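Please build the complete structure, drawing on both the sequences and the hints.
Chains A and B are the protein sequences, given in the same order. Residue 6 in numbering that gives the first Met the number 0 sits at position 7 of the first sequence; the count goes up by one each step and never skips. Residue 416 in numbering that gives the first Met the number 0 sits at position 417 of the second sequence; the count goes up by one each step and never skips.
In short, the hints are calculated from the structure, not lab data. Take the hints with a grain of salt, since some may be wrong.
What the hints assert, rightly or not - Calculated lysine to aspartate or glutamate pairs in the EDC-like style (CA-CA distance at most 20 angstroms, straight line): (1) A:Lys19 - B:Glu357; (2) B:Lys254 - A:Glu317; (3) B:Lys11 - A:Asp15.
Stated by the list, open to error - Reference listing, derived: stretches of chain B covered by chain A, where coverage requires no fewer than 3 residues with Cβ under 8 angstroms from a Cβ of chain A: (4) 1-10; (5) 355-368.
As the list claims (entries may be wrong) - Short, incomplete list of chain A residues facing chain B, as computed with Cβ under 8 angstroms: (6) Ala8; (7) Val17; (8) Asn20; (9) Gly116; (10) Thr264; (11) Pro312; (12) Lys313.
Keep in mind the model is a prediction, meaning the values are calculated, not measured. The beta-carbon is built from N, C-alpha and C at its ideal position, and this holds for glycine as well.
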Amino acid sequence: MNKLIISPAPHIHGGDSVSKNMTSVIIALMPAYLVALYFFGLGALIVSITSVVSCVLFEYLIQRYILKGAISINDGSAALTGLLLAFNLPSNIPVWMVIIGALVAIGIAKMSFGGLGNNPLNPALVGRVFLLISFPVAMTSWPKPIPFNTAYIDAVTAATPLALLKGQFAEIPDTLHLFLGNMGGSMGEVSAAALIIGLIYLLAKRIITWHIPFSILFTVFVFTGILHLLNPEMYATTPIFHLLTGGLMLGSIFMATDYATSPMTTRGMLIYGVGIGIITVIIRMFGAYPEGVSFAILIMNAFTPLINNYIKPKRFGEK
Amino acid sequence: MKTFRIGGIHPKENKFSAGKHIQVAKIPHHVVIPLSHYIGTPSEAIVKKGDNVLVGQLIGKANGFISANVHSSISGKVNKVDVQLDASGYKRMAVFVDVEGDQWLPSIDRSSDIIRECNLPKAEIIKKIQDAGIVGLGGATFPAHVKLTPPTEKKAEILIINAVECESYLTCDHQLMLEKGEEVLIGTTILMKALEVNRAVIGIENNKKDAIEHLQLLAKNYKGIEIEPLKVCYPQGGEKQLIDAIIGRQVPSGKIPIEVGAVVQNVATTFAVYEAVQKNKPLIERVLTVTGKNATQPSNYLVRLGVLLSSVVEQAGGVPNGTAKIIGGGPMMGRSLMNLDVPMAKGSSGIVFIDQKESIRKPAKNCIRCARCISVCPMGLEPFLLMAQSERNMWTEMENNRTMDCIECGSCSYTCPANRPLLDYIRYGKTTVGGIIRNRK
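This is the structure in structure tokens:
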């Protein structure tokens with residue numbers, strides 16, 4: 000008999016892995032990605048490939064030449080960050096801006112804090128917000144959704160419904176179009192329907208729980224509903240409109256649920272979700288920006304360590 | 000169907016030896032009977048080299064309150080009293096006996112008749128259980144009589160029989176219920192009498208439907224005994240989890256089950272109680288499962304204490320090819336053995352062979368904060384945090400985060416997608432924090 004292996008219990012493992020989790024999230028993003036390719040065509044393809052390739056490449060280069068440590072690009076988290084960053088960008092943004100966004104996301108928001116799991120803020124959102132503040136024009140000229148579009152930088156642009164609202168335009172698309180994604184916006188955020196399919200997949204695979212997405216959506220629905228009922232003239236938009244527009248679906252399903260930057264207890268998740276919902280509505284209704292989901296998530300990311308510190312799981316034997 | 004309310008996992012059951020008849024293991028030429036138990040003070044040898052012993056004869060006297068008698072499991076001549084490597088990986092005192100024949104103490108009733116009547120008073124029952132050296136056979140090996148004598152200000156309301164067997168692979172309790180169902184129920188009645196309770200619940204996980212049906216049928220003739228099928232979920236066999244599952248009360252942190260009016264005994268312990276009280280038979284043998292994915296003959300054996308495990312494994316077809324790890328006990332809470340030349344002990348419930356692929360842990364990655372460890376922890380702890388604090392020697396913080404509540408079920412390590420050795424670090428922290436707490440007193 001060969002020598003036996005000695006180790007403490009448990010002696011079996013469930014077989015779950017980081018890469019399996021990341022792959023599942025990437026699969027859940029596919030319906031929305033297909034919608035992006037359908038409406039934004041070539042531009043969506045160029046932006047997403049650039050973003051994914053540069054995120055993976057930056058992570059590799061940093062681990063290889065700066066940290067001189069183990070290479071972990073196989074775990075899929077860099078590719079996921081790349082895809083999420085692309086989802087948060089307009090499909091007609093120049094390639095070099097995408098690369099800068101990827102560098103900020105991976106280099107500053109992720110690797111400088113110690114890599115996967117140690118980043119306090121969502122890397123893709125940091126990349127997006129960096130680009131939004133640095134290149135406001137490029138980041139807010141949205142291409143018009145045209146099926147099987149082959150235009151890229153020269154795409155015809157259209158405002159997002161939320162921007163239309165702030166600008167007092169009248170041609171806001173109807174609810175069905177909003178639901179399916181036939182509107183201007185970042186390439187991955189437009190189709191609520193496709194994102195909800197992804198949500199169902201994530202819940203079924205138990206990658207995430209319902210707490211974060213539902214608490215955000217519920218809070219936005221209730222808060223905007225109250226404002227709408229109090230003063231229908233000033234706050235003309237319905238709660239449904241708010242749920243379907245901007246980055247709310249993408250943010251609440253895929254960005255706010257990022258493991259590393261969201262609270263770890265269910266009670267903490269609810270507080271976090273309600274916080275994101277409230278800040279989103281405040282920015283949308285009273286702020287200068289038409290859209291507030293990414294800022295809201297980043298602000299609540301910053302509160303996450305505090306929430307983790309004070310909100311403990313329900314202990315066994317505790318009343 | 001009932002189950003406990005916090006956490007839990009569902010490992011693959013792999014009960015290959017289910018339904019395999021309990022075979023009587025052969026008695027080898029030498030046995031090494033351990034004087035020590037995992038919990039409590041080792042007993043004191045009362046025999047010496049050259050003494051002749053009979054089956055059932057007392058050879059080790061309980062030494063203190065939490066300690067249990069040890070009896071000879073075979074007849075023969077004492078070779079020596081010396082240290083021996085046991086299944087826990089430590090060298091501990093044991094009595095080495097060379098086997099001669101199979102002579103039993105005449106007071107032991109060896110017939111197969113079932114004795115249903117028990118008219119002994121409470122104190123005498125407990126005395127008999129104590130004398131027979133019965134300990135918790137689920138693995139913790141806590142002396143059974145101690146649990147039957149709760150502090151006077153506490154009153155037991157319910158007896159819970161732990162027949163959950165939630166560890167994958169193991170089937171010893173399952174098979175015992177199928178073959179000795181009547182005896183288990185009589186044992187339950189005796190325990191009820193000892194505790195002066197009129198309600199007992201036998202909790203069985205629903206993956207043992209035949210045992211549930213068998214006992215339900217038999218229980219019709221016994222007053223106050225209910226059979227409760229439980230939804231399969233690990234670690235339901237944990238005492239606190241089982242009480243929560245059955246009566247919906249949670250034992251507070253740092254307290255014992257009697258706090259919520261419950262006393263829990265394992266089903267194999269209950270059978271041993273029957274044998275001790277009705278048959279005058281001390282605890283000298285128990286059922287052991289020998290199994291594994293590649294095991295040639297997954298089986299259940301009735302093994303005398305002190306028999307070296309290698310001899311049982313030989314009867315079960317030997318160590319299968321490709322085995323890289325051998326576990327004494329179940330795969331979630333058992334200990335990996337250095338070799339098979341360790342003696343059968345009161346707490347030995349199984350030998351599980353694990354192949355090369357499953358034996359090697361994958362390298363740990365960064366914690367991705369997925370919170371799965373929190374969601375599976377049956378005690379409502381934060382394993383990721385306790386590990387981080389243990390790595391940094393933050394003992395006060397670990398204590399405040401209730402590390403001493405950890406039951407070491409291993410659900411956190413099992414679930415972790417980053418393969419982090421959560422329980423290893425928590426166990427290390429528990430040992431240290433436990434020492435700090437003891438020094439404070």
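Please write out, lowest number first, the hints stated earlier that are contradicted by the structure. Violated: none.
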